[in-house]
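Model the full assembly from the supplied sequences, consistent with the hints where possible.
Heads up, the sequence shown is in our numbering, so the first residue is 1 and it goes up one at a time.
Worth double-checking, as some hints may not be accurate.
Claimed, not checked - Derived DSSO-like pairs: lysine-lysine, alpha-carbon spacing no greater than 30 angstroms straight-line:
{"no.": "1", "residue 1": "K254", "residue 2": "K268"}
{"no.": "2", "residue 1": "K268", "residue 2": "K95"}
{"no.": "3", "residue 1": "K95", "residue 2": "K78"}
{"no.": "4", "residue 1": "K412", "residue 2": "K169"}
{"no.": "5", "residue 1": "K88", "residue 2": "K294"}
These aren't lab readings, by the way, just hints derived from the structure by calculation.
Since the model is a prediction, treat every value here as computed from it, not as a measurement.
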Amino acid sequence: MAYRGRGGRGQPSSASLSRVIPGSLHTFRTCAHNICMVSDFFYPNMGGVESHIYQLSQCLIERGHKVIIVTHAYGNRKGIRYLTNGLKVYYLPLKVMYNQSTATTLFHSLPLLRYIFVRERVTIIHSHSSFSAMAHDALFHAKTMGLQTVFTDHSLFGFADVSSVLTNKLLTVSLCDTNHIICVSYTSKENTVLRAALNPEIVSVIPNAVDPTDFTPDPFRRHDSIITIVVVSRLVYRKGTDLLSGIIPELCQKYPDLKFIIGGEGPKRIILEEVRERYQLHDRVRLLGALEHKDVRNVLVQGHIFLNTSLTEAFCMAIVEAASCGLQVVSTRVGGIPEVLPENLIILCEPSVKSLCEGLEKAIFQLKSGALPPPENIHNIVKTFYTWRNVAERTEKVYDRVAGEAVLPMDKRLDRLISHCGPVTGYIFALLAVFNFLFLIFLRWNILCFNHGIASSIVPLFPDPNKPVFFTSLELLYCWADRSPLHEAAAQGRLLALKTLIAQGVNVNLVTINRVSSLHEACLGGHVACAKALLENGAHVIESAWRFYWQIMLTLTKKCLTLELPCMRLAPTRGLTV
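Now the structure itself:
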């Protein structure tokens with residue numbers, strides 16, 4: 001139903017490329033994949049899933065793959081945004097139902113997701129988090145469209161309560177014909193295999209990672225006369241905020257030289273504020289509220305000990321970040337946490353106030369006696385454990401594996417749903433799969449695929465003379481309509497940003513669907529310095545720029561006494577007749 005590893009117009013979606021592993025003399029061959037990361041959880045929301053998606057995407061782009069991200073709108077952040085290295089993010093106008101997860105009907109998201117998958121020539125859908133409704137929707141639609149699917153589970157989940165039963169059943173449906181599943185720890189793998197009744201052979205363990213250059217120790221930022229315990233997490237029940245509220249008064253009463261720095265936001269913050277008020281600890285307990293990811297390191301380096309009170313955790317990136325900053329870690333022994341750090345870098349405790357207090361007292365004693373290793377030594381050890389480039393390389397092997405697998409036809413998919421998900425749930429979702437397929441056929445009939453255009457086929461300012469006129473016209477008509485960051489910089493007259501983009505290799509002759517170039521934008525805005533910089537770096541001047549050429553002429557003639565005058569004088573020197 002969509003592009004399955006076949007190249008379309010422009011750059012083929014599975015072009016072969018070479019890569020050299022640093023430190024190796026061998027060159028490996030792999031395929032360049034068009035990957036779509038889908039999750040409800042992404043920046044500006046903060047968390048481990050968000051960081052994982054962003055860092056993995058950046059490393060995959062570095063390795064030669066095309067990556068886009070699809071999430072829901074966050075406030076005024078809607079539409080298409082570009083991040084570092086041209087990473088494109090679609091913020092879809094979908095309503096949030098609960099805890100940043102969108103509401104789902106399975107069908108309402110199909111037109112938007114199909115539009116993106118076709119336009120971006122996506123070959124692999126990679127969904128993240130079992131708590132994300134959009135991730136499940138994307139898996140369901142991708143299978144209907146015949147695309148390869150990968151799912152990463154970042155969390156642990158129970159089996160007993162009603163919400164767990166419903167979520168696990170939904171996960172069973174979503175993963176029953178997913179090509180491959182990735183978990184962040186072996187404990188998480190066991191949990192996911194049991195919850196979704198999966199074959200363990202299609203489940204891989206690829207841990208999270210941290211960028212060690214972002215989390216470096218700075219011993220001069222902390223006061224050795226005071227013992228500082230740092231907590232950075234969402235203030236919710238699952239993160240053990242109730243345990244933290246019991247630990248604070250007990251340790252503050254026992255150690256007068258102890259203080260807490262707590263970063264994070266959530267519904268349980270009121271409990272910590274009540275504890276601080278009741279025991280008059282305003283000068284010893286600082287509540288920083290929500291933190292941006294770039295500020296986390298500046299908070300961590302102020303402390304000696306990092307405390308994690310999570311009640312359930314698949315991996316816990318926070319303790320790796322803290323250890324990378326040189327802090328002694330004290331954490332609950334739950335989920336996959338015992339797999340993350342060696343015993344000499346972490347003190348594990350039971351998820352109770354008494355056990356955590358004992359663990360913290362042990363860390364305080366080691367700190368006062370000088371038994372803890374220097375922060376720089378801890379950092380040098382941790383930075384060798386987990387790197388995003390290693391995560392990207394291992395994930396790439398999963399993509400290579402699923403790219404060669406056959407996609408289940410509709411009849412076999414229905415049989416799989418019925419046999420794998422039970423007689424009731426199986427028939428219900430088999431019926432939904434049929435409706436989804438019919439809806440997809442309707443969309444294909446109502447909105448032809450080529451009407452979407454191809455996002456990567458941004459045509460040059462001058463068409464190829466060797467190409468038939470008919471096909472050139474189609475390319476011009478259905479090319480990507482997005483304005484590039486270079487267009488925005490030229491239109492706003494931001495010369496430094498424009499020169500930076502040019503230095504990074506951005507094509508100065510990119511045009512939109514209406515044949516508007518960055519040079520046009522600079523002239524229309526009267527930004528002569530930007531126009532001159534574009535011309536000096538190879539921007540072409542064309543006398544017939546479709547509907548926008550007359551706007552340039554009108555601007556240059558009617559406003560010749562304003563800022564556009566230098567542009568008007570500059571034009572004839574470059575061959576443009578005014």
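- Report the numbers of all earlier hints that the structure fails to satisfy, in ascending order. none
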